[in-house]
Amino acid sequence: MPTDIPASESDSPQQLLAAAQGYTRQARAAQRQTWFPLLVLGLVVAAWPLFGLSGPPRGGCGPLVHTSSGVFRYCTLAGSGFFFRYWTISLSLAYVLITGYYLWRARARGIGTRVGRYAWAWMGGLVLIGASVWAVDQHLNNLTPGESLLAFRLAAFTPLLAIGAGLFVLAGVERHPALAWFTLACLALAGLLLVSTWPSYLLSLSDSRPQLFAASRYLTVGLFLMLGSAGFALTERSRP
Amino acid sequence: MTHPVNGLDEVVHQRVRLGVLAIAQEAKTVDFGFLQTTLELTAGNLSHNLNVLEDAGLIRIHKGYEGKRPRTRIQITPAGKQALRTEIAHLKQLIARVDTQHPDVQH
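For the record, the sequence lines run as chains A and B.
So that you can map any letter, position 45 of the first sequence is 45 in the numbering used here, and since no number is skipped, the others follow by simple counting.
Numbers given in the numbering used here equal positions in the second sequence, counted from 1, plus 1000.
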């Protein structure tokens, strides 16, 4: 109930401190729109197989290497121009969309949010992906048969790392520990699926239908992000 | 050692003004309407408190229009951020002092 009575001057230090902390929490909560970036980024991740893993191979191959057991050539999408273009364009569009939505919602709610740090996270992500594609391309040219392919699996994980970094920045700006924990869980899942080799031993799919297996890993991570989006949306909706 | 009470700023040591600074600190700008709703104040009471804070150089008030609707935005100044930090620190010191001297006091 609005009051025209001047605030009590006899508020105790405890009451004043509790009030200030309460208002701070309210201001932070009013700016949170966590569900939206998770939904958009989830769609970007889940859509990657549609573009990158369907149809004919899209480049990212090293030179032919002649060995005693035959001719060897290794290809990985993570070293291709197509990989770089998909992730940089889709993440750029995602960041523009997310920032625009945050500004629009903030204006509607009457509390102007700071979005400058998201731009830094976005630029950092693009640099990370560019550096990764360049490094893989260099590595492809010097790859010898039997060499560990960990570098390529790490490169495939890079866009998820860029997304994770962006979400950590968001969690920091919004002082949102739940989002930080969720991001950590998402990166752990993505690391397990994309970097670790054990899922391929568990699922025979990796041998019989390698593209379907690769697609299922990105779809799982994308779905995880979208489920998180639904969870945060329900939480934010139930907030007083 | 100086008693923490001596460091309290009369302009800030008040629930509404402390609330305005606490909210404004978290945002780039905050609308008059948002402050009014969150602090549960009448427009007159909030205006009075905002003027006090503006006169002290702790906030800036931007008056403008969005379409045909007037819109007032409040922005905290660096001095306002400092005043908020100092006030919070003094409040914590006061509470710690009371807790140390009178551990049986219930808050």
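No lab work stands behind these hints: they were computed from the structure.
All C-beta atoms, glycine included, are put in the ideal place defined by N, C-alpha and C.
A couple of the hints might just be wrong.
[To be verified] Beyond 10 angstroms from chain B on every Cβ pair, some chain A residues (computed):
#	residue
1	Q14
2	Q21
3	T24
4	Q26
5	A27
6	G70
7	L93
8	R109
9	T113
10	F213
11	L234
[Said to hold, decoys possible] Partner residues aside, some chain B positions facing chain A, computed with beta carbon under 10 angstroms:
#	residue
12	L1021
13	E1026
14	I1061
Q: Give me the numbers of the hints this structure contradicts, sorted from smallest to largest.
A: 1, 2, 3, 4, 5, 8, 9 and 14
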